[in-house]
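Engineer: Construct the entire structure; sequences and hints are all you get.
Protein sequences appear in the order of chains A and B.
Using my numbering, the final residue of the first sequence is 330, and nothing's skipped along the way.
Using my numbering, the final residue of the second sequence is 156, and nothing's skipped along the way.
What the hints contain is simulated information worked out from the structure, not anything from laboratory work.
Be a bit skeptical, because a hint or two may be false.
As the list claims (entries may be wrong) - Going by beta-carbon spacing under 7 angstroms, a handful of chain B positions derived as facing chain A:
#1 G18
#2 R21
#3 I22
#4 V26
#5 V29
#6 I32
#7 G36
#8 D44
#9 F84
#10 A152
What the hints assert, rightly or not - Sample of chain A residues facing chain B (criterion: CB under 10 angstroms; computed from the structure):
#11 F213
#12 H269
#13 G272
#14 Y280
#15 A290
#16 A293
#17 R301
#18 V306
#19 A310
#20 M317
Positions of the beta carbon are idealized from the N, C-alpha and C atoms, including for glycine.
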Amino acid sequence: MIDVFTVVLIGVSVLAGVLAVVLGLVGRKPSDVTILALVIVELLLIAQVVIAIVAPLGGNHPTGNLGEFWVYLATACLMPPAALAWALTDRTRWSTVVLGVAALAIAVMAYRMNQIWNVQLG
Amino acid sequence: MSTRRKLAGPARILVAVYAVLAIAATGRSVFQIVDRFDEAPIAFSLSAAAAVVYVVATLALAFRRDRLAWVTIGFELVGVLVVGALTLLAPAAVGLGDVELLDRAFGREGTVWALFGLGYLGVPLALPIIGLLYLGRGRRAAAAVAR
Numbered sequence: 209m210i211d212v213f214t215v216v217l218i219g220v221s222v223l224a225g226v227l228a229v230v231l232g233l234v235g236r237k238p239s240d241v242t243i244l245a246l247v248i249v250e251l252l253l254i255a256q257v258v259i260a261i262v263a264p265l266g267g268n269h270p271t272g273n274l275g276e277f278w279v280y281l282a283t284a285c286l287m288p289p290a291a292l293a294w295a296l297t298d299r300t301r302w303s304t305v306v307l308g309v310a311a312l313a314i315a316v317m318a319y320r321m322n323q324i325w326n327v328q329l330g
Numbered sequence: 010m011s012t013r014r015k016l017a018g019p020a021r022i023l024v025a026v027y028a029v030l031a032i033a034a035t036g037r038s039v040f041q042i043v044d045r046f047d048e049a050p051i052a053f054s055l056s057a058a059a060a061v062v063y064v065v066a067t068l069a070l071a072f073r074r075d076r077l078a079w080v081t082i083g084f085e086l087v088g089v090l091v092v093g094a095l096t097l098l099a100p101a102a103v104g105l106g107d108v109e110l111l112d113r114a115f116g117r118e119g120t121v122w123a124l125f126g127l128g129y130l131g132v133p134l135a136l137p138i139i140g141l142l143y144l145g146r147g148r149r150a151a152a153a154v155a156r
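Structural biologist: This is the structure in structure tokens:
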């Protein structure tokens, strides 16, 4: 993982998460803003996949277990589509909050992925 | 039993958070068992059991199987309390005797219930409590309607 990109991924996910949770709790249904926020998070995750494939080729190897890293990343990639499917079929304030929950969970996963790549040994 | 067909709003958040935890716990558990089961077989087996229970609890809440939800969420609460206490005070009992304190929740041998769910931001401890409160309110409301 690349430090700068990790910060962006976690930062955007937290922002999207807080935004969606707050908007949901004040009663907003999923809107262009919240949906777009999750789409951006997904695009960042896809970029993360590319980075994770290319980085080792440039000498940037994970210190921790590569398999464990990919379990987290694969799981994270599946979450925005699932949350978006929920939000698009169930257009209520609660599904907006669910979008936020998904984004916040991704932020935590990204943090764990970074630990596995840069900190954890084995 | 409620006559409403759709799950109430806040309950959907509960289901969503449970689903995230179930997916996270299952993914990590499967990986640990496949990759390094012999390092901490007891802890990883407990983690696998926890993951199964989380999945069932998620489905029970989503499909309004209240009794099943009570049983699974209750089991989880007992699990996180017991395993949390053991990993804190008697780690050898779960085969983590030579693992550093924080590593029991965060490291290679980290599992979902270790140190009261610390490795998952305490969600494994808070969630069943919230879940049981939610189920309890639902029961009282249904009983009030029935009277």
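Engineer: Give a verdict on every hint.
Structural biologist: Quick rundown of the hints versus the structure:
no.: 1; hint: G18; in the structure: 4 angstroms, holds
no.: 2; hint: R21; in the structure: 5 angstroms, holds
no.: 3; hint: I22; in the structure: 5 angstroms, holds
no.: 4; hint: V26; in the structure: 6 angstroms, holds
no.: 5; hint: V29; in the structure: 5 angstroms, holds
no.: 6; hint: I32; in the structure: 6 angstroms, holds
no.: 7; hint: G36; in the structure: 5 angstroms, holds
no.: 8; hint: D44; in the structure: 6 angstroms, holds
no.: 9; hint: F84; in the structure: 23 angstroms, violated
no.: 10; hint: A152; in the structure: 25 angstroms, violated
no.: 11; hint: F213; in the structure: 22 angstroms, violated
no.: 12; hint: H269; in the structure: 17 angstroms, violated
no.: 13; hint: G272; in the structure: 8 angstroms, holds
no.: 14; hint: Y280; in the structure: 7 angstroms, holds
no.: 15; hint: A290; in the structure: 8 angstroms, holds
no.: 16; hint: A293; in the structure: 12 angstroms, violated
no.: 17; hint: R301; in the structure: 7 angstroms, holds
no.: 18; hint: V306; in the structure: 4 angstroms, holds
no.: 19; hint: A310; in the structure: 7 angstroms, holds
no.: 20; hint: M317; in the structure: 8 angstroms, holds
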